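Chemist: Here are the chains, one letter per residue:
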Amino acid sequence: MSIFVNENTKVIVQGLTGGQGKYHGLRNRDYGTNVVAGVTPGKGGQDVEGIPIFDSVADAVAATGADASFVAVPPKAAPAAILEAAAAGVSFVVCITEGIPAQDEARVFNTLLADYPNTRLLGPNCPGIISPGKCNIGITAGEIALPPSAEGPNVGIVSRSGTLTYQALYELKQKGIGVSTCVGIGGDPVPGTNFIDCLSEFQADPDTHAIIMIGEIGGSAEEEAADFIKANVTKPMSAYIAGVTAPAGKKMGHAGAIVSGGKGTAQGKMDALAEAGVKIGLNPTEAGELMAEIVAKLS
Amino acid sequence: MDLFEYQGKQYFARFDIPVSPGDKADTVEEALAAAEAAGYPVVVKAQVQVGGRGKAGGIKLADNADEVRTHAGNILGLDIKGHVVKRLWVEHASDIEDEYYASFTLDRAAKKHLFMLSAQGGVEIEAVAESDPDAIVKLHIDPVVGLDAATARQAAVDARIPEKALDGTADILVKLYRCFSEGDCDLAEINPLILKPTGEVHALDAKVTLDANASFRHPEWAEYAETEELDERERLAKTHDLQYIGLDGTVGIIANGAGLAMSTLDVVNQVGGSAANFLDIGGGANADVMAAALEVINFDQNVSSIFINIFGGITRGEEVAKGIVEALGRVDLRAPIVIRLDGTNAEEGRQILADAGIPESKLRSEPTMLDAARAAVALAKN
Chain A
7 MSIFVNENTK VIVQGLTGGQ GKYHGLRNRD YGTNVVAGVT PGKGGQDVEG IPIFDSVADA
67 VAATGADASF VAVPPKAAPA AILEAAAAGV SFVVCITEGI PAQDEARVFN TLLADYPNTR
127 LLGPNCPGII SPGKCNIGIT AGEIALPPSA EGPNVGIVSR SGTLTYQALY ELKQKGIGVS
187 TCVGIGGDPV PGTNFIDCLS EFQADPDTHA IIMIGEIGGS AEEEAADFIK ANVTKPMSAY
247 IAGVTAPAGK KMGHAGAIVS GGKGTAQGKM DALAEAGVKI GLNPTEAGEL MAEIVAKLS
Chain B
74 MDLFEYQGKQ YFARFDIPVS PGDKADTVEE ALAAAEAAGY PVVVKAQVQV GGRGKAGGIK
134 LADNADEVRT HAGNILGLDI KGHVVKRLWV EHASDIEDEY YASFTLDRAA KKHLFMLSAQ
194 GGVEIEAVAE SDPDAIVKLH IDPVVGLDAA TARQAAVDAR IPEKALDGTA DILVKLYRCF
254 SEGDCDLAEI NPLILKPTGE VHALDAKVTL DANASFRHPE WAEYAETEEL DERERLAKTH
314 DLQYIGLDGT VGIIANGAGL AMSTLDVVNQ VGGSAANFLD IGGGANADVM AAALEVINFD
374 QNVSSIFINI FGGITRGEEV AKGIVEALGR VDLRAPIVIR LDGTNAEEGR QILADAGIPE
434 SKLRSEPTML DAARAAVALA KN
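Chains A and B are the protein sequences, given in the same order. If you're matching positions, the first sequence starts at 7 in this note's numbering and goes up one per residue. If you're matching positions, the second sequence starts at 74 in this note's numbering and goes up one per residue.
Isolated chain A, as found in the complex (with noise of 0.2 Å):
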């Protein structure tokens, strides 16, 4: 099992006629995923390397049962692209799109839960989700990830950051532990899916065993996290927070990274988590080194 996505998943890709859409597109149907359609208005008919393009979202979906879309559009047009997926129905929406306004990501959102309660948006700015062996979908590189073992024990990962994300997976596949699914939700102010929505489902999926979490400065969507596996997680856990030396005030390359009014530190988030009996590594190494040794336990 894997969460969110699994060998089922009908992906298509809005902007699939586009250079990252193209590339990233096509990488993720190489890794096995089904890429069922493209969509890019005006271009319907087309197809791109014996992919089929279509004008509209509700096109594509009408004639391939597509239940996934990935979003690889410019900022202007990635909230409209992300509701016209939400409009045709898609259940699952990736937006990799980075520079999103704050205040449309808002309305997106509140769009989404007052219209539209069945889909979750995934991102924006986020490097999208993999679940090893099964479905890719985003800019992952598939093969710094090692599909779980029908044995166990595998670990999920949830993360706010891209490239600390291929550390994650690329240090747990070193040490030849399986990962159910790699979740990166991405670090602007406003993500459709958070923390908790992953945790919650990690929790839940039978093939996860352990799971490791990657914060960053800024917001408090750690905390909040920390408050819910108090109450809610029972699967061991390990984490790592980026940005303790990070200066008050300044944006650290992620919009959401920032640490304002002395709200939002590392170290706050490090001690909650602590706090709710997560094992804190204090660099990606240390995590995924403290992740090892939940695995060797649970084997």
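None of these hints come from the bench; they were simulated from the model. Since the model is a prediction, treat every value here as computed from it, not as a measurement. The C-beta atom is built at its ideal place from N, Cα and C for all residues, glycine as well. Treat the hints with care, as some may be off.
Here are the computed lysine-lysine pairs in the DSBU-like style, where the Cα-Cα straight-line distance is at most 35 Å [what the hints assert, rightly or not]:
1) A:Lys241 <-> A:Lys285
2) A:Lys256 <-> B:Lys184
3) B:Lys311 <-> A:Lys256
4) B:Lys280 <-> A:Lys269
Derived list of chain B stretches under chain A, where covered just means 3 residues or more per stretch with a C-beta under 8 Å from a C-beta of chain A [to be verified]:
5) 179–189
6) 211–220
7) 285–296
8) 315–326
9) 432–445
Label-pair ranges, simulated between beta-carbon atoms [to be verified]:
10) B:Val157 <-> A:Lys303: 54 to 62 Å
11) B:Glu301 <-> A:Gln273: 51 to 59 Å
12) A:Lys303 <-> B:Thr441: 45 to 53 Å
13) A:Lys236 <-> B:Asp168: 48 to 56 Å
14) B:Asp205 <-> A:Ser97: 31 to 39 Å
15) B:Ala429 <-> A:Lys236: 32 to 40 Å
16) A:Ala280 <-> B:Gly345: 17 to 25 Å
17) A:Lys303 <-> B:Asp221: 39 to 47 Å
18) A:Met7 <-> B:Asp321: 24 to 32 Å
19) A:Ala120 <-> B:Asp321: 42 to 50 Å
20) B:Gly112 <-> A:Ser62: 57 to 65 Å
21) A:Ser97 <-> B:His313: 22 to 30 Å
22) B:Asp240 <-> A:Lys82: 22 to 30 Å
For this one, chain A is given, so just place chain B on it according to the hints.
Modeler: For chain B alone, kept in the frame of chain A given last:
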């Protein structure tokens, strides 16, 4: 992007929020002209992006031209907590009967807009939140629904803003909300929002933070970008379109990915060093980007060693390595490099670096982030 007070007031004026008549001034002569136009008495205010201007002598009342000359002369060039005053805002002085506080921002936990209003303005809102939390009305606004006049007026009633100021306050709140939401602000704050003896309500200060991601739909923001408070290193980085933040340590940092870059600063700190900067070169670590990054790092006189931390995902290790070798040919570096190259095709990448014939005193490879951090910190201390 933080705006200066005068820019915030100009931005407010675009949304019909009443502000005092005034103008910016970079010289004593310009200050005199601005004062004449605004009408005496005037307030001469230092334009710096730091709190505590008043206490530092950066805000002065002037009744006539002589006083403007004295104060403008004193304030221009004044150092306020490390910020040297280069520009003044001179505005007509308002009579103040009462002071309030109003702000809009995004509540990331609730994923809604957060509206805060208080009848206790003119002091730091954090102090009010400590001493008298009930004096602040907090309201979540659904970004899809927005804020209407009736809700704004009720909030003013709930905040115990006096009857005579209610209509004026509600009117400004609706306009300030428009400024925040249509104007793509991360923060739009008025403190103090004042009531004049004449019954008018108006913005005496302006604190505005713009969301840089929205600049594509705000061509009018170009002028704000020009005055952004950047140090020389940050300005150079900006010309190369690099995600760079200047710090005051001695280890120059280059990493691919914001999370990894943050993590690199942390690891350097853990092993007893300090980072000179944050620099995320993103996914494509090609020779052009790497050369630009090294040029910016090299410009920083405090840098004694450079730590390049790359994790190859889609960008393969050998491409990164070729980029570094080519970049080294273009930039003459003062400080030695320690590189940690890991991920996809990392071994091929390390081989390329080893075969490039670069002396170990200039470039060395370490297998892990921690090893590389230790090596870079040791070099920085020598």
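Chemist: All hints are to be evaluated individually against the structure, with a verdict given for each.
Modeler: Do the hints match the structure? See the list:
1. Of the supplied pair hints, the one linking Lys241 of chain A and Lys285 of chain A holds, its CA atoms being roughly 12 Å apart against a limit of 35 Å.
2. Restraint check: the Cα-Cα separation between Lys256 of chain A and Lys184 of chain B comes to about 21 Å, which is no more than 35 Å; the hinted pair holds.
3. The hinted pair formed by Lys311 of chain B and Lys256 of chain A meets the criterion: a straight-line CA distance of about 15 Å does not exceed 35 Å.
4. Restraint check for Lys280 of chain B and Lys269 of chain A: the C-alpha separation of about 19 Å stays at or below 35 Å, so the hint holds.
5. Residues of the segment 179–189 of chain B with a Cβ under 8 Å from some Cβ of chain A number 6, which satisfies the need for three, so the listed coverage holds.
6. For the segment 211–220 of chain B, the proposed coverage by chain A is satisfied: 3 residues have a C-beta within less than 8 Å of a C-beta in that chain, meeting the threshold of three.
7. Check on the segment 285–296 of chain B: 4 of its residues sit with their Cβ under 8 Å from a Cβ of chain A, so the three-residue criterion for coverage holds.
8. Coverage of a stretch by a chain is defined here by at least three residues with a beta carbon nearer than 8 Å to that chain's beta carbons; for the segment 315–326 of chain B and chain A the count is 3, and the condition holds.
9. Counting residues of the segment 432–445 of chain B whose CB falls under 8 Å from any CB of chain A gives 3; the rule of at least 3 is met.
10. Between Val157 of chain B and Lys303 of chain A the Cβ separation comes to about 58 Å, which falls inside the hinted range of 54 to 62 Å.
11. As the Cβ distance of Glu301 of chain B to Gln273 of chain A is approximately 29 Å, the hint placing it in 51 to 59 Å is violated.
12. The hinted window of 45 to 53 Å between Lys303 of chain A and Thr441 of chain B is violated, with their beta carbons roughly 24 Å apart.
13. At roughly 54 Å, the beta-carbon separation of Lys236 of chain A and Asp168 of chain B lies within the given 48 to 56 Å, and the hint holds.
14. Range check, Asp205 of chain B to Ser97 of chain A: Cβ separation about 47 Å, and the 31 to 39 Å hint is violated.
15. Distance hint check for Ala429 of chain B and Lys236 of chain A: the Cβ-Cβ separation is about 52 Å, which falls outside the suggested range of 32 to 40 Å.
16. Between Ala280 of chain A and Gly345 of chain B the CB atoms are about 23 Å apart, so this pair conforms to the stated range of 17 to 25 Å.
17. The hinted window of 39 to 47 Å between Lys303 of chain A and Asp221 of chain B is violated, with their beta carbons roughly 57 Å apart.
18. The beta-carbon spacing between Met7 of chain A and Asp321 of chain B, approximately 49 Å, falls outside the hinted interval of 24 to 32 Å.
19. Between Ala120 of chain A and Asp321 of chain B, the C-beta spacing of about 47 Å keeps the proposed range 42 to 50 Å intact.
20. Restraint check, Gly112 of chain B to Ser62 of chain A: a C-beta distance of roughly 60 Å satisfies the suggested window 57 to 65 Å.
21. A hinted range of 22 to 30 Å for the beta carbons of Ser97 of chain A and His313 of chain B is inconsistent with their spacing of about 42 Å.
22. Taken as a hint, the range 22 to 30 Å is violated for the pair Asp240 of chain B and Lys82 of chain A, whose Cβ atoms sit roughly 38 Å apart.
Violation of the numbered hints given earlier is confined to hints 11, 12, 14, 15, 17, 18, 21, 22; the remaining hints are satisfied by the structure.
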